[in-house]
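Trainee: Residues per chain, in single letters:
Number of protein chains: 2
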Amino acid sequence: MVASGDTEQDKRQLVELAMKVTERRGEEISRATLASEAGLSRTVVDRHFPEEGDLFNAIIDLWYEPDIAIMEEVVASDLPIQRKFYEFYARRYIRERERYEEDPQTFALYCELGSNRFEDVRGYIDLADHYLSELIAQAQAEGFFPDLSINQALTLINQMVIAYTSPQVMLMISHRLEEEKLAAIIDTLFAGLAGGDRGAKGVSGLRAVR
Amino acid sequence: MVASGDTEQDKRQLVELAMKVTERRGEEISRATLASEAGLSRTVVDRHFPEEGDLFNAIIDLWYEPDIAIMEEVVASDLPIQRKFYEFYARRYIRERERYEEDPQTFALYCELGSNRFEDVRGYIDLADHYLSELIAQAQAEGFFPDLSINQALTLINQMVIAYTSPQVMLMISHRLEEEKLAAIIDTLFAGLAGGDRGAKGVSGLRAVR
Chain A
0 MVASGDTEQD KRQLVELAMK VTERRGEEIS RATLASEAGL SRTVVDRHFP
50 EEGDLFNAII DLWYEPDIAI MEEVVASDLP IQRKFYEFYA RRYIRERERY
100 EEDPQTFALY CELGSNRFED VRGYIDLADH YLSELIAQAQ AEGFFPDLSI
150 NQALTLINQM VIAYTSPQVM LMISHRLEEE KLAAIIDTLF AGLAGGDRGA
200 KGVSGLRAVR
Chain B
0 MVASGDTEQD KRQLVELAMK VTERRGEEIS RATLASEAGL SRTVVDRHFP
50 EEGDLFNAII DLWYEPDIAI MEEVVASDLP IQRKFYEFYA RRYIRERERY
100 EEDPQTFALY CELGSNRFED VRGYIDLADH YLSELIAQAQ AEGFFPDLSI
150 NQALTLINQM VIAYTSPQVM LMISHRLEEE KLAAIIDTLF AGLAGGDRGA
200 KGVSGLRAVR
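Just so you know, the sequences run in chain order A and B.
Just so you know, we're using numbering that gives the first Met the number 0 here: the first sequence kicks off at 0 and counts up by one.
Just so you know, we're using numbering that gives the first Met the number 0 here: the second sequence kicks off at 0 and counts up by one.
Everything labelled a hint here was simulated from the structure, so no lab data went into it.
Warning: the hint list may mix true and false statements.
Unchecked claim - No more than 20 Å apart at the CA atoms, straight line, and that leaves these computed lysine to any residue pairs for SDA-like:
1) A:Lys180 with B:Gly195
2) B:Lys19 with B:Ala75
3) A:Lys180 with A:Gly201
4) B:Lys180 with B:Ala57
5) B:Lys180 with A:Ser132
6) B:Lys180 with A:Arg91
7) A:Lys180 with B:Asp196
8) B:Lys10 with B:Ala34
9) A:Lys180 with A:Arg91
10) B:Lys180 with A:Asp5
11) B:Lys180 with A:Ala37
12) A:Lys180 with A:Glu50
13) B:Lys180 with A:Asn157
14) B:Lys180 with A:Glu27
15) B:Lys10 with B:Ile80
16) A:Lys180 with B:Arg94
17) A:Lys10 with A:Ala37
18) A:Lys180 with B:Ala190
19) A:Lys180 with B:Tyr92
20) B:Lys180 with A:Gly201
21) A:Lys180 with B:Asn157
Nothing here was measured: the structure is a model prediction, and the numbers come from that model.
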């Protein structure tokens, strides 16, 4: 690799190369391996990735770059709120599905690497929660999800759509996931998600069944 | 181990021993290993498990035995249908959580073994689907989940409660799962799950966001 003089562009090329090598080897790679594969000195590689963990973090950032762009675009759009919720999930789901179908083994590899380094993926999850909170506030301003705090609605929605956001769940049941079903789930949230005890849990707890 | 003369009881004791050995070794064990650990001849072990796969299948059966009892009990109960749905999930979730909290590593081991042998776990999932179909039919007779076939309702409900049924998801987000949230999800299903396009997907598809 030849340095372009543009630091950001050089770094991005290195990260793209690191992903190719990771996929070929089927494991997380070190900065030393990347330097050797790129034909660069450790000094040059370390300038972009001062700590060993910085390389994998940069891979995570590149992996999630399109997802972040999708979320920003949907939140900024002027679609009706129910459509926004659907697009917020559907676009990312479709993108993940494409990546999965292109190469299920590589997809599984990144899932595994991501699971092992959950704290590094945390930043993306927090950002997704941030944007979802904005959408929930908009929905609540229009009367949806009544009697719930934003955080309560957030955790319930996250749990009810996890099949369409979790790469691990996609690995398990990809053949059962469809945009039509995601739409039905979003419709169900808008028609039915609210706070307060509405009958499922009951007053007598688990002992009620004899 | 000494044979009791009761074939079923002998087999059960062997399966319980096989689970202990599996947990100690952290991997699936063979019939040969079980025979050696039990101090029994291969002939005796093979009488209970004619094929190599029969041993792990018997472990799966024992693992799910309490879950099946829970489902049968709830389906046969005379609770209101919304309460039945909650108990159908909550009791199994609480049991799985207990197993997880007792020993997260062993729990993760069984998850891994189960993932590798998904076809063998399939029988339990099919049985759970069978009982859920019964509950859905009861709910629809009372006017819930309109304009959906039983199978459509089944797949949507399975996806919306997967956080409380999948051991793999429990491994990822156990700290975020709570009975109160499960109850809110069941209440949301009863208030909002229905068929037909109700606005999320829209007519213009993904291109609607610019």
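Trainee: Against this structure, judge whether each hint is valid.
Mentor: To see whether the hints hold, each was checked on the structure:
1. Straight-line distance between C-alpha atoms of Lys180 of chain A and Gly195 of chain B comes to about 11 Å, which keeps the hinted pair within the 20 Å bound.
2. With a C-alpha separation of about 33 Å, the suggested pairing of Lys19 of chain B with Ala75 of chain B is violated against the 20 Å cut-off.
3. Between Lys180 of chain A and Gly201 of chain A, the direct Cα distance comes to roughly 29 Å. Violation of the 20 Å bound is thereby established for this hinted pair.
4. Of the supplied pair hints, the one linking Lys180 of chain B and Ala57 of chain B is violated, its CA atoms being roughly 33 Å apart against a limit of 20 Å.
5. For the suggested pair Lys180 of chain B and Ser132 of chain A, the alpha carbons sit about 18 Å apart, so the restraint of at most 20 Å is met.
6. For a cut-off of 20 Å, the pair hint linking Lys180 of chain B to Arg91 of chain A is broken: about 25 Å separates their Cα positions.
7. Under the criterion of a C-alpha separation no larger than 20 Å, the hint pairing Lys180 of chain A with Asp196 of chain B is consistent with the structure, at around 11 Å.
8. Distance hint between Lys10 of chain B and Ala34 of chain B is fulfilled; the C-alpha atoms sit about 12 Å from each other, no more than 20 Å.
9. Taking the CA atoms of Lys180 of chain A and Arg91 of chain A, the gap is about 15 Å. The hint holds against a cut of 20 Å.
10. Only pairs whose Cα atoms come within 20 Å are accepted, and Lys180 of chain B paired with Asp5 of chain A is rejected, the gap being roughly 49 Å.
11. Distance restraint check for Lys180 of chain B and Ala37 of chain A: the Cα-Cα separation of roughly 50 Å exceeds the 20 Å cut-off, and the hinted pair is therefore not satisfied.
12. As the CA atoms of Lys180 of chain A and Glu50 of chain A are separated by approximately 43 Å, the hinted pair breaks the 20 Å bound.
13. A C-alpha spacing of about 11 Å is found between Lys180 of chain B and Asn157 of chain A, which places the hinted pair at or below 20 Å, so the restraint holds.
14. Note on Lys180 of chain B and Glu27 of chain A: the hinted pairing is violated, with a Cα-Cα distance of about 36 Å set against a maximum of 20 Å.
15. At roughly 38 Å between alpha-carbon atoms, Lys10 of chain B and Ile80 of chain B are farther apart than 20 Å, so this suggested pair is violated.
16. Distance check on the hinted pair: Lys180 of chain A and Arg94 of chain B sit about 29 Å apart at the alpha-carbon level, beyond 20 Å; violated.
17. In summary, the hint linking Lys10 of chain A to Ala37 of chain A is supported, as the alpha carbons are separated by about 12 Å, within the 20 Å threshold.
18. Taking the CA atoms of Lys180 of chain A and Ala190 of chain B, the gap is near 17 Å; set against the 20 Å cutoff, the hint holds.
19. With a C-alpha separation of about 24 Å, the suggested pair Lys180 of chain A and Tyr92 of chain B falls outside the 20 Å cut-off, and the hint is violated.
20. A distance of roughly 14 Å separates the Cα atoms of Lys180 of chain B and Gly201 of chain A; the hinted pair therefore holds under the 20 Å criterion.
21. For the suggested pair Lys180 of chain A and Asn157 of chain B, the alpha carbons sit about 11 Å apart, so the restraint of at most 20 Å is met.
Going through the hint list in order, the structure does not satisfy hints 2, 3, 4, 6, 10, 11, 12, 14, 15, 16, 19.
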